[in-house]
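Student: What follows is the residue order along each chain.
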Amino acid sequence: MTSPRTQHYSAVAMTLHWAMAAAIIALLAAGLWMTDAIRQPETKNVAFRVYQWHKSLGLIVLVLTFMRIGWRLANPPPPLPDGMTGFERLAAHVTHVAFYALMLAIPLAGWAMVSASPFGLPTIVFGLFEWPHIPMLAGLEDKKPYEAIFKSAHEFMAWGLLALLVLHVAAALKHHFINRDTVLARMLPGVRTRNRKIG
Amino acid sequence: MITMSIDTRMLAVPGASLRTGWWAAALLAQQISFAMCAAATTWIVVPADSQIAFSGQHAGNTFKGVFEKWDAAISFDPADLAGSKATVTVALASAKTGDQTYDKTLPTADWFDAAKGPSGVFETSAFRALGGDKFEADGTLAIRGMKAPVTLAFEFKPAGETAKLTGQAKLKRLDYGVGKGSDGDGSWVSLDIPVEISVSLKKG
Ligand code: HEM
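Those protein sequence lines, which keep their order, are chains A and B. In case it helps, the numbering used here puts the first sequence at residues 1 to 199. In case it helps, the numbering used here puts the second sequence at residues 200 to 403.
If you are wondering where the hints come from, they were derived from the structure by calculation, not from laboratory data. Note that the Cβ used here is the ideal one computed from N, Cα and C, for glycine as well. Do not take every clue at face value.
What the hints assert, rightly or not - Residues of chain A clear of chain B, computed beta-carbon distances all greater than 10 Å:
id : residue
1  : 36
2  : 59
3  : 172
Stated by the list, open to error - Taking lysine-lysine and the PhoX-like style, the derived pairs with C-alpha atoms no more than 25 Å apart in a straight line are:
id : chain 1 : residue 1 : chain 2 : residue 2
4  : B       : 379       : A       : 151
5  : B       : 303       : A       : 151
6  : B       : 303       : A       : 143
7  : B       : 268       : B       : 356
8  : B       : 356       : B       : 303
Please model the complete structure; the sequences and the hints are all you need to start from.
Tutor: Listed below in structure tokens is the structure:
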């Protein structure tokens, strides 16, 4: 029997996973709320603050994504349960790669959008330090069309991420409650994988 | 007043014909007004106890700020408004609201464009007494190479060698093209920007 230790993700991987999960859910919720709220006079002022907060958290997710990809390349995750079909393995693999791609592309598009904004508001990460604009975009003469492109891309990919998230959660729950394997448990800190099927 | 005595001496220039006498009188009137310009008390700003503050709304939030660097040349005498004059020069890049998001935006090209025109200049053209300590100054404010008339309502409270001047003016940012490209209709940043000044002066 494989020891529960090697069946688990590393503490770093778990921390990154759950911290980023919380951040991304907050970012999706904030993003969807604020884009409407900024147009209502009653919520405009709160929405403006949420925008600044959204930019800050989104950039932190960008940085964490780079760290996470680095960590993952150096520390391969525990193998998938033996019972999974080839299609299931492929689906899991594609979903996870897509997650990493979107976790890079969405904040990059957000950063590009903000850099190409004619309004030119700086991004002060949680009010602490300035995150620079992308100089190539900030220096453009006519930024509006670029801002629009990155805005659409950001929104489109965010919906994609939301869809992926639903799929991801559904799959994790299926592994746990239907397949009764270790897939969810091994990402949960403190949960023992011993009593579950390894393969 | 000293100036008066100087001018009366000039009046005493003798030997003029009646005709040239008129010219002399006209010239004299001019001399008096010139002399009076110089006559109104010169005041020096005490920076530690003086401020030029502005405020407005952005996205429903009120912001308040000050200009950290500015200077003023003031000669003012409540008894000699015609001879009074003030020129205020403000370093636009020194606008500070306490919110970095604003402070970093304000000097940029679409707002103050401080790189091209570092100062805003207010220059008075006329003063009016409104009774008591209250006055109004008409003048012109120039920012980003655009000029517009501004009226500054103020109170002037002299106390010996010092004086306190407090006042307010209503500016319209679009008069100077401030934020015209980013927000030309005030949907984000209010078009009206009230300015309040509180200045401690000492006789120069
Ligand atoms: C993983 C990171 C991020 C996620 C999941 C995310 C998600 C979202 C979502 C769901 C929206 C609403 C889209 C819409 O309905 O229009 C949104 C809007 C926005 N996001 Fe992000 N975002 C992220 C990172 C960033 C970053 C890093 C920035 C900027 C530095 C940013 C700036 C914006 C802005 C400015 C909007 C408003 C766009 C508009 O006004 O239409 N986001 N984001």
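Student: Against the structure, test the hints numbered earlier, and report the numbers of the ones violated in rising order.
Tutor: 8
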